[in-house]
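Participant: Chain by chain, the residues run as shown.
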Amino acid sequence: MLCQECQKRPATVMVRRTVNNKTTRVHLCEYCAREKGELNFMDSFAGPEFSLHKLFASLLDSDAEVKQLKLDPTAGLLKCPQCGLTYNEFKGSGRLGCASCYKTYRQQLEPLLGRLHGRIEHCGKVPQRAGRSLRLKQELGELKEALNRAVEREEFEKAAVLRDKIRDMEKTIDV
Amino acid sequence: MSWEEILQRPSSRWTLGEGPQREVVISSRVRLARNIAEHTFPNRAGEGELERICAKVEAAVGRLSRAKEFHFLPLAKLTPIDRQVLVEKHLTSPAHIAEPRQRAVVLREDEGVSLLVNEEDHLRIQTLFPGLQLEEAYGLAGKVDDDLEGELTYAFDETYGYLTCCPTNTGTGLRASIMVHLPGLVMLNRANKIFSTLSQLGLVTRGLYGEGTEALGYMFQISNQITLGRTEGELIGNLQTIIVQVIEQELQARRQLYQEMGDRLVDKVFRAYGILSNARLLTSKEAINLILTLRLGLNLNLLPELEYGVLGELLVLCQPGFLQKVAGEKQSTQERDAKRAALIRERLREVRA
Ligand SMILES: [Zn+2]
Ligand SMILES: [Zn+2]
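Line order of the protein sequences matches chains A and B. First residue of the first sequence: 1, per the numbering used here; consecutive thereafter. First residue of the second sequence: 1001, per the numbering used here; consecutive thereafter.
It should be emphasised that the hints constitute simulated quantities derived from the structure, not laboratory data. Since this is a predicted model, take the numbers as computed values, not measurements. Check each hint, because a few of them may be wrong.
Capping the alpha-carbon separation at 27 Å, the derived lysine-lysine pairs in DSS-like fashion look like this [unchecked claim]:
no.	chain 1	residue 1	chain 2	residue 2
1	B	Lys1285	A	Lys8
2	B	Lys1056	A	Lys103
3	A	Lys171	A	Lys137
4	A	Lys103	A	Lys137
5	A	Lys91	A	Lys79
6	B	Lys1330	B	Lys1077
7	B	Lys1268	B	Lys1285
8	B	Lys1143	A	Lys137
9	B	Lys1268	A	Lys8
For reference, chain B alone in the conformation it holds in the complex (with noise of 0.2 Å):
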């Protein structure tokens, strides 16, 4: 498969596949920070040494297990549009892309595995898994971390463990954080509640795709803080535990929900599902909002034609770079928000023939 067919499907590993826990889980991924000794960190390396640095991941790349499904990619070869899908799709971060000259992306061609080089660090090793499995993801990235090290000599202190460029990753470089959608606890007003205590906790959250106060379709990303001082398997347990008893909460808020707000949550769901299948003109921000309900209406066992998979699909579907992607970049606002709305229907009947 070439790297073009990868970018250009809107499925992938974790949109496909019934992972544990789907119905609040979306994602789990790891992401694990290294840097190679005797080389200056990214921000402050010349291009020469950027260029060093890439060559020296892609020798590594093919001491890789499955090392044939892997694609490197060097941004500045990719248009922006390529660019943008990358990030859509949750192989890379916006930062990443921001500089694309001396910066890769090492591809899986399931798109479980994604090398982020010349990020802040070196080396940014990522796994992507759907549904609740940070043990997975992490035993992955770790084999990763290893095949790699047979080529590479990572930057290492005895007392700081693996050194990064932010103090906020020193010693394991490990960020696990799963994506999950908590439309329950957000309507009975119970989310600020938690988040505090998961700060508490030492976990992180934030907001998706939303800028400032929005929170889109009551998405979010939980993440470990601390880094250093606990070893990764702490570090994944404890976040485990924390999700697991969120994931109580939240189906338990939809149950309440449910009860209290009986025909008007169904109601919304249809909806929503009426608005895609029949709309026009869709932007990103409503298409997402809807989709996100219809997730909701398929926990409730209101849905029974649609599966995870092909919501997950339509998350991807209906981001700006990759409709662009599919439909051709010079096209206005109007354009897009038509052909978005296109594709919506088409998938939807799909789904219902």
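The following block holds chain A by itself, in its conformation from the complex (with noise of 0.2 Å):
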């Protein structure tokens, strides 16, 4: 079967067209069916930095930034005390230089991570070495509310042995 638009090359493609609520089935070859725009579903598909550096745009010149920078007109000379990344190349590039710099452009991050990706706290795998205080830390919650628990109870030689235990706990991470 021959192309129903070019009438030259074979159909590879069929494409259903829907006008008036009628749909009908064309038949085409693959150039006149990116040519009638009907295979050109990859245009809309750019990858994430694509979207990235447009979220950006649209994130950084918008009013909220003007009106972040009313309110701390110094943002815009934030500039990274570990690797030196300004803020005008924060903005360019859309990447960090350092773990520093997740300080340093806090305010400007997390709106820009929310957008991102809807939420802005990890609840995901915690590292075994960095993630060691956090893990102390989940413990160290844990055992406060036995503790209070004990207490309420009037579980006064529990109570002792846990307070014990957190004070331990607590010179050894800094809280």
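Dock chain to chain to rebuild the complex, using the hints, since each chain is given by itself in its own frame.
Facilitator: What follows is the structure in structure tokens.
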């Protein structure tokens, strides 16, 4: 079967067209299908980098930014003390330069992370080493809860043991 | 096995082996982005610092289980063709080989695990499985991550999780993706609608090998966009659930296509087989399209003598870098097209024999 559009190339694509609630089937070659915009779905699916840049532009040049700069006119002068990344460099590339950048640009990052991910708090895997203090803090929280329960139930011996444990633990981490 | 032998063979773990849902899903990949604490990210690090990161990762590789099967390859010591082959075999990214100095790839012999050192982040842990095996791919990546942590301290924040160079990866640093072949949905003009639904569900779709509007052979990569605020299990589970539905839709589209097109579809498959078995000159673009047409024919039980493994091999074999690697670099485009056609003919003859 030949392409119903050009009548030259073999038809390889079947296209459904709905006009006035009537669906018709058209057989086209790939070339004509593309020309007719029937195969242009790739255009709308650029990679995450692309959408990120658009997002930055819309977010950082928005009213929100203007307001933020009015509240804190020094934001435009921010520079990461660790790696030297400036606000403009961050804005231009959308990339951070080091872990400290997350502290330096916290105010700018949080709305961005919110727009990208919907949420801004990590709840996934915690690494053994770097997450050690987080793990200890979680444990400490649990111990303190246990202590409160023990005191409420007037289990004083148990409470004393827990209190010692908490004291020891607090020495090992600087809270 | 030497790393050169690895680069010279067209088959690898993701091309061989019958993974689940192989008729639609070509491979499943997981990448974990990690940075090492106290070091500037690669984009702002000096040469000395980048060197030190390479050395730290190299030392940590010794901690991995099956450590002897890993090869540490400094990119600057490879030829441009070797680097190109690493990309074509999906073992690293084009961005990674753009600046080879102080960059490295760590490769497991079966190509199921690779580490990208000093790409956008200090470390990207990648696992690659054939077919739909997202949970397996994450399981292995997580294990490698745990083993490396015995030696490395990661940049991690209690609120934001793993800290990455780009805010799109912050949190879990997890990017799971599957490579799918969707000829049915594309030919019935349904792919567009499905992709926009996927994007509403937080997934990104990209055409593979394609530049601009060209979706070569109807092959796509679908991956999660969100990395923060969900557990790894939720991210993998969400992708898995949605992919299963895409597979169902694609298989249904193929059945319909077969009914509607009948002999025209069968003809398309056998013409592709005829060309691949006989052509004397093949560009990589034409070859990929034809190989993927055979893939569809395999699913329609039209080609009993062929296997998915062979077609996976052919897909690697017809890539320009790989071809130069096996055939020598000083060749004209036409000589290369001739070599490509010859290698494919030979492989298909072997299969028929
Ligand atoms: Zn036409
Ligand atoms: Zn910084």
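Participant: Please go over all the hints and tell whether each is borne out by the structure.
Facilitator: Against the structure, the hints:
Between Lys1285(B) and Lys8(A) the CA atoms are separated by roughly 22 Å; this keeps the pair inside 27 Å, and the hint holds. Taking the CA atoms of Lys1056(B) and Lys103(A), the gap is about 25 Å. The hint holds against a cut of 27 Å. Pair hint Lys171(A) plus Lys137(A) holds up; C-alpha atoms about 12 Å apart against a cutoff of 27 Å. Restraint check: the Cα-Cα separation between Lys103(A) and Lys137(A) comes to about 21 Å, which is no more than 27 Å; the hinted pair holds.
For the hint linking Lys91(A) to Lys79(A), the alpha-carbon distance of about 12 Å falls within 27 Å, and the restraint holds. As the CA atoms of Lys1330(B) and Lys1077(B) are separated by approximately 20 Å, the hinted pair is consistent with the 27 Å bound. For the proposed pair Lys1268(B) and Lys1285(B), the alpha carbon gap of about 17 Å is at most 27 Å, so the pair holds. Proposed proximity of Lys1143(B) and Lys137(A) is supported: the alpha carbons are some 25 Å apart, at most 27 Å.
With a CA separation close to 17 Å, the supplied pair Lys1268(B) and Lys8(A) stays within the 27 Å bound.
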